[in-house]
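Participant: All chains should be built: construct the whole structure from the sequences, respecting the hints.
So you can see what is in the structure, the chains are spelled out below.
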Amino acid sequence: NAGVMQNPRHLVRRRGQEARLRCSPMKGHSHVYWYRQLPEEGLKFMVYLQKENIIDESGMPKERFSAEFPKEGPSILRIQQVVRGDSAAYFCASSGPLAGKDFGPGTRLLVL
Amino acid sequence: AQSVTQLGSHVSVSEGALVLLRCNYSSSVPPYLFWYVQYPNQGLQLLLKYTTGATLVKGINGFEAEFKKSETSFHLTKPSAHMSDAAEYFCAVSEMDRDDKIIFGKGTRLHILP
Numbered sequence: 008n009a010g011v012m013q014n015p016r017h018l019v020r021r022r023g024q025e026a027r028l029r030c031s032p033m034k035g036h037s038h039v040y041w042y043r044q045l046p047e048e049g050l051k052f053m054v055y056l057q058k059e060n061i062i063d064e065s066g067m068p069k070e071r072f073s074a075e076f077p078k079e080g081p082s083i084l085r086i087q088q089v090v091r092g093d094s095a096a097y098f099c100a101s102s103g104p105l106a107g108k109d110f111g112p113g114t115r116l117l118v119l
Numbered sequence: 027a028q029s030v031t032q033l034g035s036h037v038s039v040s041e042g043a044l045v046l047l048r049c050n051y052s053s054s055v056p057p058y059l060f061w062y063v064q065y066p067n068q069g070l071q072l073l074l075k076y077t078t079g080a081t082l083v084k085g086i087n088g089f090e091a092e093f094k095k096s097e098t099s100f101h102l103t104k105p106s107a108h109m110s111d112a113a114e115y116f117c118a119v120s121e122m123d124r125d126d127k128i129i130f131g132k133g134t135r136l137h138i139l140p
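Protein sequences, first through last, are from chains A and B. Per my numbering, residue 8 is the first one in the first sequence, and the count goes up by one each step. Per my numbering, residue 27 is the first one in the second sequence, and the count goes up by one each step.
These aren't lab readings, by the way, just hints derived from the structure by calculation. Be a bit skeptical, because a hint or two may be false.
Label pairs and their computed distance ranges (CB to CB) [stated by the list, open to error]:
1) S65(A) <-> T78(B): 42 to 48 Å
2) Q68(B) <-> E75(A): 23 to 29 Å
3) G23(A) <-> G42(B): 48 to 54 Å
4) N14(A) <-> S52(B): 33 to 39 Å
5) H137(B) <-> K69(A): 34 to 40 Å
6) P56(B) <-> R85(A): 33 to 39 Å
7) H137(B) <-> E48(A): 16 to 22 Å
Even glycine gets a Cβ: it sits at the ideal position worked out from N, Cα and C.
Facilitator: The structure is reproduced here in structure tokens:
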């Protein structure tokens, strides 16, 4: 049973470009969470999604960031017009109705 | 509101020595408490978690943690460090039945000295 999959593992963007980060939850998991880890910081909650629904986006920056979890396909975290401060590791986690969270390996975004 | 404080961003111990990573939490409601480990360039792996019941929780790789409500602490220990334990460790807290939103500490990087 494959774990949580994230791609790409590393992403380099120039300022002003868009970044798309993908997360495929574990098989049977219908809840997806996105976290951001800044250098020398712990993980900070961004958004919690179920299929086609955003349940809690209280940790998402108000502008440029969006997330979706469509009926088919992976969850997408989208960052428009990236800035240097967006450079971080972005982790996705998934959970099912009973289990705790499983984390993916993360996408490391570098904005030049 | 909940928060987690990990004392020491870096801890060094000799191979074979006791590992003690400190974590204090703040929560206005009964908490769930977690320890995660992160190896370089990897995601977080759950070491152990406390929900209810026995306050001494045993996890993987020989780690354990004790929930002390009076001290609002959840320190992580391992009797004998191994080189493979070198990693970053995160303490985390959530509200009971609300582990959808886990609050993480800033992490402690554990170094093992030969």
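Participant: Just tell me: holds or violated, for the beta carbon distance of S65(A) and T78(B) against 42 to 48 Å?
Facilitator: 26 Å, violated
Participant: Cβ-Cβ distance between P56(B) and R85(A): within 33 to 39 Å?
Facilitator: 36 Å, holds
Participant: Mind checking the hinted window 34 to 40 Å against the Cβ distance between H137(B) and K69(A)?
Facilitator: 39 Å, holds
Participant: Could you tell me whether the CB distance from N14(A) to S52(B) stays inside 33 to 39 Å?
Facilitator: About 36 Å separates the Cβ atoms of N14(A) and S52(B), which means 33 to 39 Å holds.
Participant: Could you see if the CB distance from Q68(B) to E75(A) stays within 23 to 29 Å?
Facilitator: At 26 Å between Cβs, range holds.
Participant: Are G23(A) and G42(B) spaced within 48 to 54 Å by their CB atoms?
Facilitator: For G42(B) against G23(A), whose Cβ atoms are near 52 Å apart, the range 48 to 54 Å holds.
Participant: If you check the beta carbons of H137(B) and E48(A), does the distance land in 16 to 22 Å?
Facilitator: For E48(A) against H137(B), whose Cβ atoms are near 19 Å apart, the range 16 to 22 Å holds.
The structure fails to meet hint 1 from the earlier list, while all remaining hints are met.
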